Amino acid sequence: MITVTDLTKVYHQGRREVRALDGVSLTVPAGSIHGIIGHSGAGKSTLVRCLTLLDRPTAGRVEINGVDLTAAHDAALRTARRRIGLVFQQANLFDSRTIADNVGYPLELIGMKKAERDAKVAELLRVVGLPDSGPAYPAQLSGGMRQRVGIARALATEPDVLLFDEPTSALDPKTTDEILDLILSLKGREGLAVLVITHEMHVVKKICDSVSLLDDGRIVESGPLVEVVNSLDGRLAEALLGIPPHAPLDAGSGTLVDVLSSGPKASTPVVAHTSREVGAELNIIAGSVEHLAGTTFSHLRISVPPGTDPERVVESLRAQGADAKITDLTPNEELDA
Amino acid sequence: MILLEDTWFNNPALQKALLPAVYETLIMVGLSSLVTVIIGLPLGVVLYVTQKGGLGESRGVNFVLSSIVVNITRSIPYAILMVALIPFTRWLVGTSLGPLAASVSLAIAAIPFFARLVETALREVSPGKLDAAHAMGSTRMQSVAKVLIPEAMPGLIAGVTTTVVTIIGYSAMAGLVGGGGLGRLAYNYGYQRYQSDVMVITVIVIVIIVQAVQWSGDWFTRRVDHR
Ligand SMILES: Nc1ncnc2c1ncn2[C@@H]1O[C@H](COP(=O)(O)OP(=O)(O)O)[C@@H](O)[C@H]1O
Ligand SMILES: [Mg+2]
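Top to bottom, those sequences are chains A and B.
Just so you know, we're using the numbering used here here: the first sequence kicks off at 1393 and counts up by one.
Just so you know, we're using the numbering used here here: the second sequence kicks off at 161 and counts up by one.
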């Protein structure tokens, strides 16, 4: 379990202060995968550097199983760092070492004997699906394979926290899915909390149990995936289950209503039912249906024709257990700006 | 070629003096190269780690070593440096004559040159690899010895090669002021006694030595380069 409290990092650029992290707090229990999502410049890389103490936070605490890393120095800090396994975007393997020696590097540091190390490395390479790559050099491997080696190396010291910094941003979609499957398969490892930092919604949808939105150094939204998605206003909901772009409506063609339903209700014809109830033809303009964390979510945008009270439509939808709200888009407003 | 063979067999200067001269040159170059690597490598590492944002950032140390020691030594022309160092050489090795004495000024001229090449080679190692080393709990010494230097090895060996070739060039000059070797042979016979055949042979031997150094340096660089 990792607990971050009020983590703040201020960089000084000449006389200017850059508050790259501003009071970040979060908790990731063992056995779960937490995603941190944010745009470029949000502070993701800074968060990774502060969590691993590659950079010292200006203020705040990083605790692993109750032990404060920020209080540790020198030898204690190096020991503490081994509690966090870090996987980089570009693997950052050592080109001068074979794959086996890359994975064995952290074991070398703790003085593990060669025979024991070899056995451990072989086991780790099996876990990441590269049992035969031990004697190869990093340059001989594909990007996806190198990332697997990076994961094996991060697992070598049996860390309590596995921290991924944009692990799939340099990979193609197919390889991305393979790596995400591997990360998911690690979820069962005893006592392991996983933290994935990314700007890809796909990564969050596929593997995360919970998610936080990092914006301008602050966590502005956070919660279990099924909760943050279940909202018509949230930015995470918008990002993960947003209405895809659609053609602007002609003026006078009606009012737009957004409808969100989840679980079993997502597969019942709530819109058709409401259509009958208010006696008007409701047209579905756009929508997305996603299966996230074992639950189906349906987010639809419908148009209510002139002459029908949109409030009645919203009431009828809500009565059926869906969430709905009138969307005040002026006809020419740019969608998904 | 017939002409050269005739020369080789008939010229007493070449018969008697060529092999000892080659030997002296190899001693001079070998010794000064060894000292240069032994001192220049750590110096280059210190230049690298003390730079701004380095593993052991230290403005003071970096300024003294980089701006004063290295840059000043490098800006003194070798011809002047070797003469200026004669008293120091005499104090250090007891004489200012012979290949051992010449090695002193050669090494002093080559150390800052090589240290800069080391610094450049180390800078080519991506910072991400050092981050990885640290995140896994390496000490600074471990990061340098187990990651930084091995990762920079192809560049370091290329740097050694360039340095040795440069030392060979300087060694001819050092020969003139008492160092001996091929430089003096060419000067004494080729220049002072107008025996141009000696000059030609000397140049050919030096070219062969340089080629051999370059070729084996390239071979080693390829051996250690797994990128
Ligand atoms: N070493 C640094 N010195 C000064 N400013 C920095 C430094 N590192 C990051 N920043 C600033 O902190 C903010 C967050 O950067 P970063 O963590 O790299 O964001 P992200 O990884 O989400 O793109 C940016 O405004 C960036 O310019
Ligand atoms: Mg970044």
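Heads up, a few of these hints could be off.
Stated by the list, open to error - Computed list of lysine to aspartate or glutamate pairs in EDC-like fashion (alpha-carbon distance at most 20 angstroms, straight line):
1) K1506(A) to D1466(A)
2) K212(B) to D1447(A)
3) K1597(A) to E1582(A)
4) K306(B) to E1558(A)
5) K1579(A) to D1625(A)
6) K1566(A) to E1550(A)
7) K306(B) to E1500(A)
8) K1717(A) to E1619(A)
9) K306(B) to D1466(A)
10) K1597(A) to E1550(A)
11) K306(B) to D1625(A)
12) K1579(A) to D1569(A)
13) K1657(A) to E1669(A)
14) K1717(A) to E1673(A)
15) K1597(A) to D1552(A)
16) K1657(A) to D1642(A)
17) K306(B) to D1493(A)
18) K176(B) to D378(B)
Unchecked claim - Now the in silico label distances, taken between C-beta atoms and shown as ranges:
19) T299(B) to S1432(A): 31 to 37 angstroms
20) V1402(A) to I236(B): 42 to 48 angstroms
21) I232(B) to E1508(A): 50 to 56 angstroms
22) I228(B) to N1457(A): 47 to 53 angstroms
23) R387(B) to K1717(A): 31 to 37 angstroms
24) S235(B) to A1514(A): 19 to 25 angstroms
25) T299(B) to L1576(A): 45 to 51 angstroms
26) A1468(A) to T255(B): 53 to 59 angstroms
27) R387(B) to H1431(A): 32 to 38 angstroms
28) V1402(A) to A239(B): 31 to 37 angstroms
29) G216(B) to H1594(A): 26 to 32 angstroms
30) V1459(A) to I236(B): 40 to 46 angstroms
Unchecked claim - From the structure, some residues in chain A lie toward chain B, with a derived Cβ separation under 10 angstroms:
31) T1444
32) L1445
33) R1448
34) H1465
35) R1470
36) L1485
37) A1531
38) G1542
39) L1555
40) E1558
Worth flagging that the hints you see were computed from the coordinates, not collected in a lab.
Keep in mind it's a predicted model, so treat the numbers as computed, not measured.
Where is the CB? At the ideal position from N, CA and C, for every residue including glycine.
Checked hints:
1. Only pairs whose Cα atoms come within 20 angstroms are accepted, and K1506(A) paired with D1466(A) is rejected, the gap being roughly 26 angstroms.
2. Between K212(B) and D1447(A) the alpha-carbon distance is near 15 angstroms, which keeps this suggested pair within the 20 angstroms criterion.
3. About 23 angstroms separates the Cα atoms of K1597(A) and E1582(A), which puts this hinted pair outside 20 angstroms; it is violated.
4. Taking the CA atoms of K306(B) and E1558(A), the gap is near 26 angstroms; set against the 20 angstroms cutoff, the hint is violated.
5. Distance restraint check for K1579(A) and D1625(A): the Cα-Cα separation of roughly 31 angstroms exceeds the 20 angstroms cut-off, and the hinted pair is therefore not satisfied.
6. A threshold of 20 angstroms between alpha carbons decides the hint, and for K1566(A) with E1550(A) the separation of about 28 angstroms lies outside it, so the pair is violated.
7. Restraint check: the Cα-Cα separation between K306(B) and E1500(A) comes to about 10 angstroms, which is no more than 20 angstroms; the hinted pair holds.
8. A C-alpha spacing of about 18 angstroms is found between K1717(A) and E1619(A), which places the hinted pair at or below 20 angstroms, so the restraint holds.
9. With a CA separation close to 18 angstroms, the supplied pair K306(B) and D1466(A) stays within the 20 angstroms bound.
10. The hinted pair formed by K1597(A) and E1550(A) fails the criterion: a straight-line CA distance of about 26 angstroms is larger than 20 angstroms.
11. Under the criterion of a C-alpha separation no larger than 20 angstroms, the hint pairing K306(B) with D1625(A) is inconsistent with the structure, at around 52 angstroms.
12. For the given pair, K1579(A) sits about 16 angstroms from D1569(A) by alpha-carbon distance, which is consistent with the 20 angstroms threshold.
13. The straight-line distance between the Cα atoms of K1657(A) and E1669(A) is roughly 17 angstroms, inside the 20 angstroms bound, and the hint therefore holds.
14. Proposed proximity of K1717(A) and E1673(A) is supported: the alpha carbons are some 18 angstroms apart, at most 20 angstroms.
15. Between the alpha carbons of K1597(A) and D1552(A) the distance comes to roughly 23 angstroms, so the proposed pair goes past 20 angstroms and is violated.
16. Using a Cα cut-off of 20 angstroms, the hinted pair K1657(A) and D1642(A) is violated, with the two alpha carbons roughly 31 angstroms apart.
17. The hinted pair formed by K306(B) and D1493(A) meets the criterion: a straight-line CA distance of about 11 angstroms does not exceed 20 angstroms.
18. Between K176(B) and D378(B), the direct Cα distance comes to roughly 34 angstroms. Violation of the 20 angstroms bound is thereby established for this hinted pair.
19. The hint said 31 to 37 angstroms for the Cβ distance between T299(B) and S1432(A), and at roughly 34 angstroms that hint holds.
20. A C-beta distance of roughly 45 angstroms is found between V1402(A) and I236(B), which places it inside the suggested range of 42 to 48 angstroms.
21. Between I232(B) and E1508(A), the C-beta spacing of about 52 angstroms keeps the proposed range 50 to 56 angstroms intact.
22. Between I228(B) and N1457(A), the C-beta spacing of about 50 angstroms keeps the proposed range 47 to 53 angstroms intact.
23. Between R387(B) and K1717(A) the Cβ separation comes to about 56 angstroms, which falls outside the hinted range of 31 to 37 angstroms.
24. As the Cβ distance of S235(B) to A1514(A) is approximately 55 angstroms, the hint placing it in 19 to 25 angstroms is violated.
25. A beta carbon spacing of about 35 angstroms between T299(B) and L1576(A) contradicts the range 45 to 51 angstroms that was offered as a hint.
26. Checked against the given bound of 53 to 59 angstroms, the beta carbons of A1468(A) and T255(B), roughly 55 angstroms apart, stay inside it.
27. The beta-carbon spacing between R387(B) and H1431(A), approximately 33 angstroms, falls within the hinted interval of 32 to 38 angstroms.
28. Taking the beta carbon of each, V1402(A) and A239(B) are about 54 angstroms apart, not inside 31 to 37 angstroms as hinted.
29. Against the hinted window of 26 to 32 angstroms, the Cβ-Cβ separation of G216(B) and H1594(A) comes to about 41 angstroms, which falls outside the hint.
30. Between V1459(A) and I236(B) the C-beta distance comes to about 56 angstroms, which lies outside the given range of 40 to 46 angstroms.
31. At its closest, the beta carbon of T1444(A) sits 5 angstroms from a beta carbon of chain B; the interface hint therefore holds under the 10 angstroms criterion.
32. The closest approach between the C-beta of L1445(A) and any C-beta of chain B is roughly 9 angstroms, which is under the 10 angstroms cut-off, so the hint is satisfied.
33. A distance limit of 10 angstroms between C-beta atoms decides the matter here; for R1448(A) the minimum to chain B is near 12 angstroms, and the interface restraint is violated.
34. The closest approach between the C-beta of H1465(A) and any C-beta of chain B is roughly 13 angstroms, which is over the 10 angstroms cut-off, so the hint fails.
35. Because the closest C-beta pair between R1470(A) and chain B is about 4 angstroms apart, less than 10 angstroms, the hint holds.
36. Against a cut-off of 10 angstroms between C-beta atoms, the interface hint on L1485(A) holds, since the closest Cβ of chain B lies about 8 angstroms away.
37. About 5 angstroms separates the beta-carbon of A1531(A) from the nearest beta-carbon of chain B, less than 10 angstroms, and the hint is met.
38. Annotation: interface hint on G1542(A) holds; nearest CB of chain B at approximately 8 angstroms, less than 10 angstroms.
39. The restraint placing L1555(A) at the interface with chain B holds, with a minimum CB-CB distance near 9 angstroms, inside the 10 angstroms limit.
40. Checking E1558(A) against chain B by beta carbon gives a least distance of about 12 angstroms; that is not within 10 angstroms, so the hint is violated.
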